[in-house]
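Engineer: Line by line, the protein sequences are chains A and B.
According to full-length UniProt numbering, the first sequence holds residues 1 to 542 in order.
According to full-length UniProt numbering, the second sequence holds residues 1 to 191 in order.
Treat each hint with caution, since some may be false.
No farther apart than 20 Å at their CA atoms in a straight line, the calculated lysine to aspartate or glutamate pairs in the EDC-like style are these [said to hold, decoys possible]:
no., chain 1, residue 1, chain 2, residue 2
1, B, 91, B, 145
2, A, 41, A, 24
3, B, 91, B, 59
4, A, 314, A, 407
5, A, 477, B, 26
6, B, 52, A, 377
The set of hints was computed from the structure by calculation and includes no laboratory data.
Being a predicted model, the structure only gives us computed values, none of them experimental.
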Amino acid sequence: MALQRYTTSVDGSIPVQALLYNDEELLANQDGVGIYDGSQKSPEHQNGTVSVTTHRLFYIDSRREIRNSFTLDLSFITQTEYYAGLFKSSAKVTLHLSGNPTESGPSEQGVPLAQFDSWECEVCAYRNPPGLSPAAARVCGLCGVPRSAIPAPAPVHLSSSLPSSSSTSLAASSSIHNRTEVPCSACTFLNHPYLRSCEICGTELPQPRGEFKSAPSSRPLTPDPDEDGAATKMMKISFRKGGDKPFYAALKRSLKGKAWEVQVALTSTNNATNAVGMSGISGILRTVESSAQGRENNMKDALQDLEALMVKAKDMVKLAAELNEKLTAAASSAVSTATEPEEATFIRSSLSQLGLQMSNAPVTLDMMTDERKWHEELARELARVLQGLSGSNNGMMKERGIIALDEVWGGWNRARGVALIPPSTFLQVIPHLHACTEPTIRHRAFGSGLNVLHTPPYTNAAFAARLSSYLAMGGPKTTIEIATEEDLTVGLVTEMIDEVESDGGICRDDSSAAITGGGSGTGVEIRWWGNLFVGYVWDGQE
Amino acid sequence: MSLSTHTTISGFLLPSIHSAPPFFTEQPNPTTQSIATEQWIRLILSYARHRKLFVLRVEDAETTDGDWEEILRNDRINRKVLPGHLSNFMKVMVERNLAGYEPPRQMRSVLVYWRLPEEWAEVLYDWVVSSGQLSTILTFYDITDPPIESPLTNIPIPLLRKAIAILGKTGRSQLIAIADGEGVRFLPRSK
């Protein structure tokens with residue numbers, strides 16, 4: 001009978017984790033348990049898994065999990081006993097239950113409907129998320145002010161006790177005690193209603209039968225507690241497959257924690273701050289702080305994974321290279337068989353998706369012992385990327401004589417795919433590049449800070465000579481016309497022209513000096529002239 | 001790109017570089033710009049000498065029919081000197097003592113020394129000697145606006161003072177305060 005009164009049935013086909021409230025935590029699991037209702041075995045609950053959380057006890061039946069599973073609020077448990085087991089008798093935990101489940105029942109059944117809505121706090125307008133445990137759902141998660149109106153038809157004594165006491169269930173149970181305690185006729189000690197004889201003097205107590213009979217007719221189903229006796233106010237969990245000790249420890253811890261009572265402190269972290277400190281602005285700030293802390297921790301964990309992965313880069317490359325070699329060997333040995341086995345194709349495609357096509361395995365630092373040698377090796381690799389393998393036509397600089405450094409860096413790392421080169425290393429490699437390339441590729445930095453790699457025709461001197469003859473042949477030109485002629489981007493040509501100008505190779509004609517039509521509108525046009533000042537001899541009037 | 005010299009209405013022979021648009025643009029390259037400035041100063045001085053112009057103002061770069069229009073603008077190539085550019089030339093000229101800010105302590109107008117103050121001093125003395133006015137007291141007006149036109153006609157008073165001061169150092173002139181202003185008396189060479 002205790003089982004029926006104190007437990008709520010749940011759909012056991014849902015995992016326990018999904019049944020938890022947001023602020024509830026799963027502490028321990030044990031399978032192979034049976035349930036005793038009072039001192040009798042409960043025939044429907046003889047093989048299942050029992051879980052204890054901060055708020056509740058779950059029993060999930062292993063055979064008929066939808067019908068026979070139930071949950072028990074830990075707030076009903078007043079006392080526990082542990083029996084270690086003897087011979088064939090398995091270890092048991094006895095749970096003594098008290099409190100009136102029908103009193104708090106409506107709130108347990110009413111609030112679940114309401115608590116899966118989110119609600120807005122009237123004080124701070126914080127939007128409280130759904131899914132908190134009934135106790136926690138009664139106060140605002142941000143400011144700690146109790147929810148003024150619970151939409152569910154809450155019992156009268158519960159809502160009246162809310163503002164004065166933080167432990168509603170205690171207040172509820174004590175009010176029940178007051179009403180039902182039985183005074184001894186001999187010594188006047190107020191005995192627990194479930195006792196048949198006085199606790200002090202042993203005199204038989206008058207049975208308060210009539211009082212219960214007069215209970216409101218709106219609760220006709222309330223069973224008579226004294227018919228079942230004290231024995232039915234308990235239930236036992238029998239551990240048929242062991243695991244009783246850790247489970248009992250977890251249960252004890254959970255009961256001691258009284259998570260269902262400590263409403264406000266629930267929202268904070270484990271540190272034992274008093275409830276007053278958690279409300280108001282400081283509470284809000286602390287909540288924000290702790291959530292930021294949590295986010296940071298998550299971030300750190302995530303990045304640690306990434307770092308661990310980078311450490312493994314060498315191994316990955318090696319493994320991929322080996323795999324590829326084996327596959328190639330297998331393929332060449334079995335030329336006669338028409339097709340590669342399906343697995344080999346799969347592995348190859350996976351490798352290429354990972355960017356690990358092994359015709360040119362990327363060089364990583366740990367393959368090299370000497371840093372200088374490493375840079376030279378990298379320079380050779382970069383030269384291949386820039387100029388392509390001999391015969392092939394896919395080098396980045398095959399068609400272009402000058403290319404910006406950032407583009408080279410991006411293209412190189414794309415070609416590598418793994419073990420990417422940081423910019424610092426890239427810059428260290430560049431001085432070695434000219435030794436590995438034919439025609440020589442050199443680095444050049446412009447005044448604006450733009451860095452490029454270029455082939456010999458794009459040195460400053462070569463470009464200046466080409467530009468001067470071009471201007472001499474075709475007359476003054478704008479930057480855009482020169483860019484078209486050189487087939488380079490305007491930005492790059494601007495840099496190169498500026499350099500020629502600062503060397504005195506050319507001079508400019510700014511149309512803002514025009515008498516009519518110049519300097520207006522957006523485009524101030526500059527035409528480039530050969531430097532006609534150099535070598536000019538005065539031919540005007542003395 | 002064939003540049004040629006050009007003769008203006010006033011009969012001044014412009015140099016061929018005056019027909020090149022880059023000549024009117026400030027060049028960022030300091031070497032190039034210094035050559036251009038050199039040519040510009042030479043052009044300004046020779047034109048001032050040609051027209052006997054003494055005052056050059058920054059505003060002359062903006063007005064359309066000033067005395068300097070023939071060199072500061074070139075309608076044939078649609079180019080003109082921008083005021084900022086011109087004031088840079090003026091600055092360089094003052095630094096080289098080829099011009100002086102007049103009035104002093106501003107930078108928008110200069111006296112162009114197409115003859116240096118020392119040269120003016122000699123011209124003044126020669127004129128005084130040749131016109132037989134030694135030891136005579138002359139007012140500034142007598143010098144700047146003589147009945148018969150002289151090389152000193154219209155010379156600005158500040159420049160004239162400089163020339164007189166230079167002569168005074170060698171004892172050839174003497175400033176005298178007279179009733180309605182100042183006068184000057186030129187003395188024969190002492191040695």
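Engineer: Compare the distance between the alpha carbons of residue 41 of chain A and residue 24 of chain A with 20 Å, and conclude whether the hinted pair is satisfied.
Structural biologist: violated (29 Å)
Engineer: Going straight from one Cα to the other, do residue 477 of chain A and residue 26 of chain B come out at no more than 20 Å?
Structural biologist: Distance ~18 Å between residue 477 of chain A and residue 26 of chain B Cα, so the pair holds.
Engineer: If you draw a straight line from the CA of residue 91 of chain B to the CA of residue 145 of chain B, is it 20 Å or shorter?
Structural biologist: violated (30 Å)
Engineer: Given the proposed pairing of residue 52 of chain B with residue 377 of chain A, does the C-alpha separation stay at or below 20 Å?
Structural biologist: violated (75 Å)
Engineer: For the pair we were handed, residue 91 of chain B and residue 59 of chain B, check the Cα-Cα distance against 20 Å.
Structural biologist: holds (15 Å)
Engineer: If you draw a straight line from the CA of residue 314 of chain A to the CA of residue 407 of chain A, is it 20 Å or shorter?
Structural biologist: violated (25 Å)
Hints 1, 2, 4, 6 from the list above are not met by this structure, while the remaining hints are.
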